[in-house]
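Protein sequences appear in the order of chains U and G. Residue 230, in the working numbering, is where the first sequence stops; the numbers in between run on with no holes. Residue 150, in the working numbering, is where the second sequence stops; the numbers in between run on with no holes.
These are computed hints drawn from the structure, not numbers from a lab. Just so you know, even glycine gets a beta-carbon here, dropped at the ideal spot from N, CA and C. Hints may contain errors.
Straight-line distance between alpha carbons at most 27 Å, and here's what the computed DSSO-like set of lysine-lysine pairs gives [to be verified]:
1. G:K111 x U:K215
2. U:K83 x G:K14
3. U:K206 x G:K111
4. U:K83 x G:K110
5. G:K111 x G:K14
6. G:K111 x U:K183
Just so you have them, the derived chain G footprint on chain U, three or more residues with Cβ under 8 Å [to be verified]:
7. 79 to 85
8. 138 to 148
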Amino acid sequence: MLPEKLRSIFRRESESASSGASRPAGGGSPLRRPSKKEVTVARQSRGLEQFFFNVRDIVGLSILDLAGASQENINFLTNLGHKVYSQDIIRSLDEAFGPDPAEQTNVGRIEYFLRTNFDYPPGTFDGALLWDSLQFMGPALLNATVERLHELMQPKSYLLAFFSSSDRAAEAPSHIFRIVDNKTMLITERDIRPTGQVFNNRNLEKVFAKFESVKFFLTRESLREVIVRR
Amino acid sequence: MPEPESRNTATIGKAVKINGQIFTKEDLYVDGDVEGTIESHDNKVTIGPNGRVQAGIRAREVVILGQVQGNVEASDKVDIRKDAKLVGDITTSRISIEDGALFKGSIDIKKAEPKPAAAPAPAVAAPRPAEPIPVPAASTASTAGAAGKR
Numbered sequence: 001m002l003p004e005k006l007r008s009i010f011r012r013e014s015e016s017a018s019s020g021a022s023r024p025a026g027g028g029s030p031l032r033r034p035s036k037k038e039v040t041v042a043r044q045s046r047g048l049e050q051f052f053f054n055v056r057d058i059v060g061l062s063i064l065d066l067a068g069a070s071q072e073n074i075n076f077l078t079n080l081g082h083k084v085y086s087q088d089i090i091r092s093l094d095e096a097f098g099p100d101p102a103e104q105t106n107v108g109r110i111e112y113f114l115r116t117n118f119d120y121p122p123g124t125f126d127g128a129l130l131w132d133s134l135q136f137m138g139p140a141l142l143n144a145t146v147e148r149l150h151e152l153m154q155p156k157s158y159l160l161a162f163f164s165s166s167d168r169a170a171e172a173p174s175h176i177f178r179i180v181d182n183k184t185m186l187i188t189e190r191d192i193r194p195t196g197q198v199f200n201n202r203n204l205e206k207v208f209a210k211f212e213s214v215k216f217f218l219t220r221e222s223l224r225e226v227i228v229r230r
Numbered sequence: 001m002p003e004p005e006s007r008n009t010a011t012i013g014k015a016v017k018i019n020g021q022i023f024t025k026e027d028l029y030v031d032g033d034v035e036g037t038i039e040s041h042d043n044k045v046t047i048g049p050n051g052r053v054q055a056g057i058r059a060r061e062v063v064i065l066g067q068v069q070g071n072v073e074a075s076d077k078v079d080i081r082k083d084a085k086l087v088g089d090i091t092t093s094r095i096s097i098e099d100g101a102l103f104k105g106s107i108d109i110k111k112a113e114p115k116p117a118a119a120p121a122p123a124v125a126a127p128r129p130a131e132p133i134p135v136p137a138a139s140t141a142s143t144a145g146a147a148g149k150r
């Protein structure tokens, strides 16, 4: 008879083997893990400033915010006179694909993910705040999501996305983003998770090849801010 | 666990399941299952922590602690509490979302139109000495009549 402690270790290993938990393409840590930092940092963002500069003086826009509903973002966007479409896309990723990045290649699940999260008529959005969500998508899922966003966004509209600027990182922290004003945000680390692929400027230009332009802002905190014009 | 706040609150308990339209003229507390529509135009609708609602909700104020799938329209305020889950579109004047709540949908803030202020009563002017302006008799009568209606 194995002691209970030993048995539980074997059980955990066999469970992870049967769930197919494998290392991501980047060869890093296989699964997400909780963040050690629980601090919230206020940070200036050129990308955010540029995003709101582009929609200044216009009211009644439809803005997609993938950070999950927060009082701050809702207040800020609705006070500008916009309609907010809110959802927590990181949570949706976990619900659709589970903890294993390998599942993000499953065509059926990708279709389900798009249907449950981006089921809007073409041209619904006049702007999209994607924050750091795209960097946790594998190539197949990322391309399908960006393709769908291209359909859902109005021509000449802008989207804002953040990517880790480390070209070798196999994992990156995911964050909660809260807007303070048109160029300042509060960032709280949520957890550490495997990145779907390596994102450098060249890759990002390929990802957004269907869009009209891609503009990068490099920042101090290993974050590459990207403003994309539809 | 929040309980209905006053005696003037209708309650749907957690062991109750309703399919259909609910229309009430008092506050409503739903802690059970509802499928259909909930309307309580001048009152407050609260979905309790055990509430599971698949319905459009229209009320003055909507407070959600449980799960709602459907559009929410509140003339005054929507309040989504921690651990609540709402999938649907919100139209309201004010909104409050606690951290930990899950919301998926759109938020359209419609500022309540200010009620037209009562027309200020015309200042009662001190009687002035009549000015000897010669006007036709009919016109004078008409003016005096309009002033009298005020």
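Hint-by-hint comparison with the structure:
1. The suggested pairing of K111 of chain G with K215 of chain U is violated, with an alpha-carbon distance near 36 Å, which exceeds 27 Å.
2. Of the pairs offered as hints, the one joining K83 of chain U and K14 of chain G is violated, with about 34 Å between alpha carbons and a cut-off of 27 Å exceeded.
3. Between K206 of chain U and K111 of chain G the alpha-carbon distance is near 43 Å, which puts this suggested pair outside the 27 Å criterion.
4. The straight-line distance between the Cα atoms of K83 of chain U and K110 of chain G is roughly 10 Å, inside the 27 Å bound, and the hint therefore holds.
5. About 34 Å separates the Cα atoms of K111 of chain G and K14 of chain G, which puts this hinted pair outside 27 Å; it is violated.
6. In summary, the hint linking K111 of chain G to K183 of chain U is supported, as the alpha carbons are separated by about 26 Å, within the 27 Å threshold.
7. Only residues whose beta carbon comes within less than 8 Å of a beta carbon in chain G count, and the stretch 79 to 85 of chain U has 3; three or more means the coverage holds.
8. Look at the stretch 138 to 148 of chain U against chain G: 0 of its residues bring a Cβ nearer than 8 Å to a Cβ of that chain, fewer than three, so the hint is violated.
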